[in-house]
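Just so you know, the protein sequences line up as chains C and P, in that order.
First residue of the first sequence: 1, per this note's numbering; consecutive thereafter.
First residue of the second sequence: 1, per this note's numbering; consecutive thereafter.
Heads up, some of the hints might be wrong.
Unchecked claim - Just some of the chain C residues that point at chain P, by a computed CB distance under 7 Å:
hint	residue
1	Lys37
2	Val122
3	Val125
4	Ala129
5	Asn139
6	Gly152
7	Arg154
8	Ile155
Unchecked claim - Now the in silico label distances, taken between C-beta atoms and shown as ranges:
hint	chain 1	residue 1	chain 2	residue 2	range
9	C	Tyr58	P	Phe238	13 to 23 Å
10	P	Ile39	C	Tyr58	27 to 37 Å
11	C	Gln252	P	Ile39	52 to 62 Å
12	P	Leu247	C	Gln252	47 to 57 Å
13	C	His119	P	Thr222	39 to 49 Å
Calculated directly from the structure, the hints in this document are not laboratory data.
Note that the Cβ used here is the ideal one computed from N, Cα and C, for glycine as well.
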Amino acid sequence: MELTSNQTHPAFPTLLSGAVHQESEQTRSQAYTTGRKTVGTPFVDKPRMTCRDVEVYYGEKCAINKISIDVGCNEVLAMIGPSGCGKSTFLRCLNRMNDTVPSCRVVGSICLDETDIYHPSVDVVPLRAQVGMVFQKPNPFPKSIYDNVAYGPRIHGLTKNKVELDEIVETSLIKAGLWEEVKDRLLEPGTGLSGGQQQRLCIARAIAVSPEVILMDEPCSALDPIATARVEELIAELRTQFSIVIVTHAMQQAARVSQRTAYFHLGDLIEVGATDKIFTNPKHRLTEDYITGRFG
Amino acid sequence: MHTTMETPATTTNLLHPSKRLRQRYRAERWFKRLGLLAIVLSLAFIAFLFFSIFSDGYTAFKQSYIALDVNFAAEEFTQAKLAHANFPGLVKKAMHSMFPEVDSRRGKKELESLVSPSAAYKLQDMVEEDPKIIGTTQKVWVLAGDDVDMLLKGKIDRKEKQSNRRLKDNQLAWIDRLISDKKLEQKFNWNFFTAGDSREPELAGIWGAVKGSFLTLLITLTLSFPIGVASAVYLEEFAPENKWTDLIEININNLAAVPSIIFGLLGLAIFINFWGLPRSTPIVGGLVLSLMTLPTIIIAGRASLKSVPPSIREAALGVGASKMQTVIHHVLPLAMPGMLTGTIIGMAQALGETAPLLMIGMVAFIVDIPGSITDPAAVLPVQIYLWADSPERAFTEKTSAAIMILLTFLVFMNSLAVYLRKKFETKW
Ligand SMILES: Nc1ncnc2c1ncn2[C@@H]1O[C@H](COP(=O)(O)OP(=O)(O)O)[C@@H](O)[C@H]1O
Ligand SMILES: [Mg+2]
Chain C
1 MELTSNQTHP AFPTLLSGAV HQESEQTRSQ AYTTGRKTVG TPFVDKPRMT
51 CRDVEVYYGE KCAINKISID VGCNEVLAMI GPSGCGKSTF LRCLNRMNDT
101 VPSCRVVGSI CLDETDIYHP SVDVVPLRAQ VGMVFQKPNP FPKSIYDNVA
151 YGPRIHGLTK NKVELDEIVE TSLIKAGLWE EVKDRLLEPG TGLSGGQQQR
201 LCIARAIAVS PEVILMDEPC SALDPIATAR VEELIAELRT QFSIVIVTHA
251 MQQAARVSQR TAYFHLGDLI EVGATDKIFT NPKHRLTEDY ITGRFG
Chain P
1 MHTTMETPAT TTNLLHPSKR LRQRYRAERW FKRLGLLAIV LSLAFIAFLF
51 FSIFSDGYTA FKQSYIALDV NFAAEEFTQA KLAHANFPGL VKKAMHSMFP
101 EVDSRRGKKE LESLVSPSAA YKLQDMVEED PKIIGTTQKV WVLAGDDVDM
151 LLKGKIDRKE KQSNRRLKDN QLAWIDRLIS DKKLEQKFNW NFFTAGDSRE
201 PELAGIWGAV KGSFLTLLIT LTLSFPIGVA SAVYLEEFAP ENKWTDLIEI
251 NINNLAAVPS IIFGLLGLAI FINFWGLPRS TPIVGGLVLS LMTLPTIIIA
301 GRASLKSVPP SIREAALGVG ASKMQTVIHH VLPLAMPGML TGTIIGMAQA
351 LGETAPLLMI GMVAFIVDIP GSITDPAAVL PVQIYLWADS PERAFTEKTS
401 AAIMILLTFL VFMNSLAVYL RKKFETKW
């Protein structure tokens with residue numbers, strides 16, 4: 001089921017009644033100059049998510065400093081940068097996973113399909129179904145493979161009966177490229193799979209609730225090269241249906257899977273651009289240093 | 001160059017450990033031996049404890065019985081009610097008929113004292129159950145008196161001077177004759193497992209205390225487990241981190257260290273004096289023990305909630321589970337084995353607890369088996385205390401036997417805890 005930017009999610013017509021339309025064409029094209037000036041092309045036409053002047057604080061400490069960036073439809077946006085520069089922090093703002101950190105405070109606006117997800121009346125439960133997440137360490141539930149995938153649809157009441165649920169589980173596992181490997185042992189525990197399979201199971205679990213955006217925080221850093229290649233292939237396939245934001249440490253990976261790349265540095269968004277441009281012809285000196293330092 | 005200079009030195013070191021290294025090894029060996037010694041010592045104490053309890057207590061599982069030929073003569077049952085018949089007289093007559101040569105009043109008394117006073121009740125039960133035996137003569141095994149029982153178990157010394165002995169010479173002779181006639185035997189003591197407490201040692205049983213303990217623990221479990229788990233979940237998963245929750249946490253830890261007798265005083269003041277609940281009952285005992293067990297369960301519960309990896313919570317939240325769903329579907333099931341272990345250990349503590357129950361009157365002498373949580377009851381450890389305090393020689397073995405039963409329950413509960421922990425050990 002292909003989703004375009006203006007279609008609403010099948011299970012969650014709107015995040016809040018009378019969605020707040022904050023972004024107009026005019027404000028989007030306006031330059032955001034308050035933070036550090038971002039080089040390149042942070043904004044796209046018809047974005048799925050728009051982030052404007054996002055600041056994140058852990059207590060008094062500022063972890064993200066006035067970042068503005070768009071996530072386009074059906075694109076893979078890679079986020080790179082040295083450790084501790086705030087990539088995970090920013091990623092976790094996009095589905096409000098940071099709500100679980102008591103000291104964390106988010107300022108600015110982040111919109112999903114023009115609805116401000118930090119609006120007080122937005123419920124995080126449907127939000128997280130629309131913006132799924134895959135974590136660094138594969139974290140399947142200690143339940144069966146089937147239950148892992150079926151959990152999301154079950155709690156959101158996406159299916160009316162077992163047949164529909166079976167179908168969702170199967171299509172999700174097929175999309176995650178795991179079906180052939182596990183179809184005979186759906187009732188075995190998900191924790192018994194190999195690391196790469198577990199990560200693909202987590203991806204299947206995320207896409208089972210038909211999200212619009214999938215956030216991935218270094219999804220391959222705990223995997224071996226072959227499993228990594230498999231997940232990268234999968235990401236390329238998933239792009240046709242979802243918007244994907246991926247944080248990665250491996251620049252080759254960013255180069256292989258993404259269309260656009262954003263370079264973070266100490267809480268600032270330094271440069272955003274088409275991936276091939278960033279890696280061949282970075283505009284900002286910091287970006288260049290980082291890229292060449294790693295490659296050289 | 002640096003390396004070339006160091007190489008020969010290293011080789012000599014490898015072949016001939018330096019003095020310092022040898023000293024280090026010696027210290028290690030000593031440390032190991034000390035540890036071993038400590039373990040051997042504590043095992044020896046436990047072995048000694050078990051041995052002494054067992055050797056004192058195993059005899060309690062047998063009891064001496066005397067076979068009487070009782071003549072339920074019809075003329076004895078002329079009263080309107082069967083219960084008014086002179087059953088003690090029947091017992092006495094049966095004894096006298098076995099030893100017709102005894103005719104002095106004193107001798108008869110001494111002869112009668114060989115049989116437990118319970119024999120009369122036994123005859124009454126028989127007649128009430130089957131009145132057709134009236135008019136017949138029946139062979140009945142009745143309990144022997146506790147002194148006879150002690151003699152058969154070798155706990156009365158025949159060589160002792162007669163005046164220092166609980167049994168006189170003529171009584172010893174009768175006993176010997178009964179034995180050789182096969183009319184005095186030790187049989188398995190079912191009574192010990194089915195009866196309540198009694199002033200007569202040969203009648204006293206453990207069942208009343210076991211049932212009292214069971215009812216008390218039932219109250220404790222039904223109160224402290226849900227409350228403890230709910231508190232642990234709230235404090236660990238939902239409570240905001242502020243001064244109040246800090247204060248609560250400190251106080252829970254303090255409560256776990258409060259001497260248990262204080263809980264007994266609290267129970268006396270609140271549950272009995274203020275609420276007016278009946279004294280000496282499992283309900284009050286259970287309430288008091290719940291107070292005592294709650295901190296244990298809460299602390300164990302929080303520890304096992306903490307040990308659930310945060311990645312599981314993130315996974316659930318990440319697919320859009322609410323906080324509540326995350327806790328109930330994922331965190332709680334994973335923490336449950338740890339919580340159960342904590343609960344069982346708390347229950348085992350409660351089972352062995354005496355002091356707070358003394359404060360709420362559970363030391364009363366109670367013969368009846370408690371039928372409900374509002375009946376007066378004894379509990380196992382208090383029963384042990386009561387028997388240990390009794391002057392009769394025969395209560396010594398009962399005390400040890402009761403300890404054996406209490407220990408059996410405790411060992412069983414603790415093994416269950418270990419089993420649960422092993423079975424559900426982290427599987428992610
Ligand atoms: N829960 C937290 N509490 C306080 N500070 C945090 C927390 N998480 C991250 N930080 C801080 O925020 C900054 C960005 O962290 P992070 O987003 O994890 O970086 P990255 O993923 O790019 O390596 C770091 O300086 C880190 O110390
Ligand atoms: Mg990170």
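message: Hints numbered earlier in the text: which of these fail when held up against the supplied structure?
response: 1, 2, 7 and 10
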